[in-house]
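Colleague: Heads up: the sequence lines are chains A and B, in that order.
Under the numbering used here, the first residue of the first sequence carries the number -17, and numbering increases by one thereafter.
Under the numbering used here, the first residue of the second sequence carries the number -17, and numbering increases by one thereafter.
Calculated directly from the structure, the hints in this document are not laboratory data.
Any given hint might turn out to be false.
Which copy is meant is left open, because identical chains are indistinguishable; a pair holds if it fits in one copy or across any two.
As the list claims (entries may be wrong) - Below 25 Å or equal to it, Euclidean Cα-Cα: the simulated SDA-like pairs (lysine to any residue) are:
no.	residue 1	residue 2
1	K122	V4
2	K122	P110
3	K122	A42
4	K226	E10
5	K79	D2
6	K122	V45
7	K226	V4
8	K122	D2
9	K122	A1
10	K122	A6
11	K122	Q146
12	K226	D73
13	K231	D72
14	K226	E88
15	K21	T217
16	K226	Y86
17	K226	I3
18	K226	R7
19	K226	T243
20	K122	T49
21	K220	D73
22	K79	S180
23	K231	V4
24	K122	I3
25	K21	E41
26	K122	R0
27	K231	P151
28	K122	Q109
29	K122	A176
There are 2 protein chains.
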Amino acid sequence: MARVQTRVENALERSLPRADIVPARLHEAMRYAVLGGGKRVRPLLAHAAGEAAAGDIDEALLVRLDTVSCAVELIHAYSLVHDDLPCMDDDVLRRGKPTVHMEYDEASALLVGDSLQSLAFQLLAEQPLAAPAAQLEMVKALAVAIGSRGMAGGQAIDLASVGQSLTIPELELMHIHKTGALIRASVSLGAMCAEPMSQAVLAGLDQYARLIGLAFQVVDDVLDAESTTATLGKTAGKDAADDKPTYVKAMGLARAKALATGLRGDALAAIEGLGPRARRLAELADFIVLRKF
Amino acid sequence: MARVQTRVENALERSLPRADIVPARLHEAMRYAVLGGGKRVRPLLAHAAGEAAAGDIDEALLVRLDTVSCAVELIHAYSLVHDDLPCMDDDVLRRGKPTVHMEYDEASALLVGDSLQSLAFQLLAEQPLAAPAAQLEMVKALAVAIGSRGMAGGQAIDLASVGQSLTIPELELMHIHKTGALIRASVSLGAMCAEPMSQAVLAGLDQYARLIGLAFQVVDDVLDAESTTATLGKTAGKDAADDKPTYVKAMGLARAKALATGLRGDALAAIEGLGPRARRLAELADFIVLRKF
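Generate coordinates for the entire structure from the input sequences, incorporating the hints supplied.
Modeller: In C-alpha cells, the structure reads:
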C-alpha cells in the first residue's frame, strides 16, 4: 500500500499545474487541496482492481493505474473542497489542515473544485489507458458516477436530509450516490486499465465495490461519533452537531459496527472467485473497515 | 440561426435529466439554469464551424454538432451559475430571471454547476462524434479549455483584478482565458465533428475564434456600460459598480467600439480563404459585434 500511495502522490504532484504558472494563486490552492494528505483509498482501490483484473502486473499497467488514480483522487479532492464550503457543510478543518476556503477564500475554493474536476477529465483523455473506444467508456463512467445521478446528486440528497429521520434504505440510497458511486468508479476504471474480463468477474468486482463503499460510509459514521478531532484530522462529532442522519443515529453504535463487519464479509465473498489475484482488494476491505481515522 | 437555436434547445431539453428523477430538486434547478434563455452563441459557433469544415452538411453531422453544442452550452451555463454566487460576482439577475442561488439556494447552485460540468463530459463521451481517438482529443480539448489554464483560470484572474487598473494586454490575457478559451473550444469541437481538415484551415478557424472571442468581450463591456438592466437581462452597469477593469474603462467607449469593429474585420479576414462555406461564421461575427443585448 505504501508503494502505491507513494506512486500516486508523485503522479498527483506531476499532474497538477506548478504553483508558479499563471494564475499562480489558483494553482497553489489546487496543490494545497490535493497534495500531502488523505489515505488515497480510491487510488488504492483502483490499483488493487487493476491488479485483480490483470493477474500479473507490469510497469505500463502501473502507469495507467496511476493516471486513473489521479483522476478519481482529483474528483474526491474537488468534492471535499466544495463540501467544506460555508453554504454546504461549513467545515474549517480537513486532513488536519484549514480547509481551502479558510486558507485562501471562498471564491478560490469554488474555482479550485471546478478546476480539479476538469483536470480529472483531462487526465483520463490525454494519456493512453485502453483502446480509444474503451477509454471513452471510462470517461463516460466517471462522468456518470460524479454527476447529478451520482456523487453530486448524493450531496443534494444529503443536504435535503439534514434534520430528517431517514430509514436505513433511505440512508443507503444517499450513500450509494454520495460516496458509493465514486468508489465503484475507482474499482471499475482500475479494472478497465487491464485486459478485458468476463462479465462474471466484472460483476464480482462491482459487487465488491458496492459493498465496500457502503462499509466505508458506515465506518465513517462510527468514527465521527467515536473519535476526537485530533485523530480524525477533521471536526469530530460534526454529524450529530449538524443533525445529519447517520448509521449510528439510525441503528446505534453497536449495530452499525456489526453492519460494517457484515459488509466486509460480503465484499470478500464477492471476490472469492478471483483467488490470489484479489489479495490486495481483500486487504483493502480490512483497511477500510478496521481503520481508526 | 433560429433553426440551430431550436435544434440545440431541443437537444438540451433531452440531455438534461427530467425534473421528476431523484434528486428532483437538483434536476429542476439544472433545467432552470440551462433551458429557456441565452443567445446560444457557443452552439451557433460550433454549428457554423462544423458547416465550414464539412462544406456540405447532412443530418448525421447536425446531430453530432447538437451534442457538441450541448456540451459547450452546459459548460457555459455552469460557469454563469458559479460566477453569480455571492462569493464571486454576487448577482441576482441572469437572462431576465433570478439567478439560481436566488431562486433555489447557494448549495443547490454549487451542485448545479458541478453537475452541469460532469454532464458536459458525459455527453462528449457517450455519443459517437468522430473516430474514438479523435473523440478523446475533443474531451481533452474541452477539459483544457475550461480548467485552471482556461476558463476557471480566467475567473481567478478576474477576481484578482477587482479594483486594479489593468493594461490592455493584461485585460486581453484575462479574457483570452475567461471567455476566449470556451469560444475557441466551441469552434474547434464543431470543426472536429466534420472531416479532418488541413492545418491551414484549422489555423484559420482558430484565429477567427480567438478574435471573435475577444470581440465578444469588448462588446460585453460596451453593453454593460451603455444598456439598461431591462434590455440586458442581467444587472447593467455592474462592472463599474464592482470596480472591475473593462475595455471601456481602459480605453473609453469610442475606442472600445472601434476595437470591436476592428476585431470583427480581422476575424472575417481569417476565414476568407474558406469561401462560401464560412458564410455562417461571418454572419455570427456580425451577430456578436452588432448585438444589442
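Colleague: For every hint, state whether the structure bears it out.
Modeller: Comparing the hints with the structure gives:
Taking the shortest Cα distances, K122 and V4 sit within 25 Å of each other only across copies (20 Å), while inside one copy they are farther apart (30 Å). When the C-alpha separation of K122 and P110 is checked against a cutoff of 25 Å, the pair qualifies both within a copy, at 16 Å, and between copies, at 12 Å. Proximity of K122 and A42 under a CA criterion of 25 Å is satisfied in both settings, with 23 Å inside one chain copy and 21 Å between copies. In this assembly of identical chains, K226 and E10 lie within 25 Å of each other by CA distance solely across copies; the values are 24 Å between and 33 Å within a copy.
In this assembly of identical chains, the alpha carbons of K79 and D2 lie at most 25 Å apart only when taken from the same copy (22 Å versus 40 Å across copies). Taking CA atoms no more than 25 Å apart as the test, K122 paired with V45 passes in both settings, with 21 Å inside one copy and 19 Å between copies. Proximity of K226 and V4 under a CA criterion of 25 Å is satisfied inter-copy only: 19 Å between copies versus 40 Å inside one chain copy. In this assembly of identical chains, the alpha carbons of K122 and D2 lie at most 25 Å apart only when taken from different copies (23 Å versus 32 Å within one copy).
Taking the closest pair of Cα atoms, K122 and A1 come within 25 Å of each other only across two copies (22 Å); inside a single copy the shortest separation is 30 Å, beyond that limit. Within a single copy, K122 and A6 get their C-alpha atoms only as close as 31 Å, which misses the 25 Å cut-off; across copies the closest is 22 Å, which meets it. Taking the closest pair of Cα atoms, K122 and Q146 never come within 25 Å of each other, the shortest separation being 33 Å inside a single copy and 41 Å across copies. In the homo-oligomer, the alpha carbons of K226 and D73 lie at most 25 Å apart inside one protomer (14 Å), although the nearest pairing across protomers, at 31 Å, exceeds that limit.
In the homo-oligomer, the alpha carbons of K231 and D72 lie at most 25 Å apart inside one protomer (21 Å), although the nearest pairing across protomers, at 38 Å, exceeds that limit. Proximity of K226 and E88 under a CA criterion of 25 Å is satisfied in both settings, with 23 Å inside one chain copy and 19 Å between copies. In this homomeric assembly, K21 and T217 come within 25 Å of each other (Cα to Cα) only inside a single copy, at 17 Å, whereas the closest approach across copies is 45 Å. Only between protomers do K226 and Y86 lie at most 25 Å apart by alpha-carbon distance; the minimum there is 21 Å, versus 27 Å within a single protomer.
Taking the shortest alpha-carbon separations for K226 and I3, only the inter-copy value of 23 Å comes in at or below 25 Å, while the best intra-copy value is 40 Å. In this homomeric assembly, K226 and R7 come within 25 Å of each other (Cα to Cα) only across copies, at 19 Å, whereas the closest approach inside a single copy is 34 Å. With identical chains, the CA atoms of K226 and T243 are at most 25 Å apart within one copy only, with a shortest distance of 23 Å there and 57 Å across copies. Within a single copy, K122 and T49 get their C-alpha atoms as close as 16 Å, and across copies as close as 14 Å, so both meet the 25 Å cut-off.
Within a single copy, K220 and D73 get their C-alpha atoms as close as 9 Å, which meets the 25 Å cut-off; across copies the closest is 32 Å, which misses it. For the homomeric pair K79 and S180, neither the shortest alpha-carbon distance inside one copy (44 Å) nor that between copies (51 Å) is at most 25 Å. In the homo-oligomer, the alpha carbons of K231 and V4 lie at most 25 Å apart only across protomers (24 Å), although the nearest pairing inside one protomer, at 47 Å, exceeds that limit. For a Cα distance limit of 25 Å, the shortest separation of K122 from I3 across copies, 20 Å, qualifies, whereas the shortest one inside one copy, 30 Å, does not.
Taking the closest pair of Cα atoms, K21 and E41 come within 25 Å of each other only inside a single copy of the chain (23 Å); across copies the shortest separation is 50 Å, beyond that limit. Proximity of K122 and R0 under a CA criterion of 25 Å is satisfied inter-copy only: 19 Å between copies versus 28 Å inside one chain copy. Proximity of K231 to P151 under the C-alpha cut-off of 25 Å is restricted to the intra-copy arrangement: shortest distance 14 Å within a copy versus 58 Å between copies. In this assembly of identical chains, K122 and Q109 lie within 25 Å of each other by CA distance both inside one copy and across copies; the values are 16 Å within and 10 Å between.
For the homomeric pair K122 and A176, the shortest alpha-carbon distances inside one copy (18 Å) and between copies (22 Å) are both at most 25 Å.
Taken one by one, the earlier hints fail for this structure at numbers 11 and 22, listed in ascending order.
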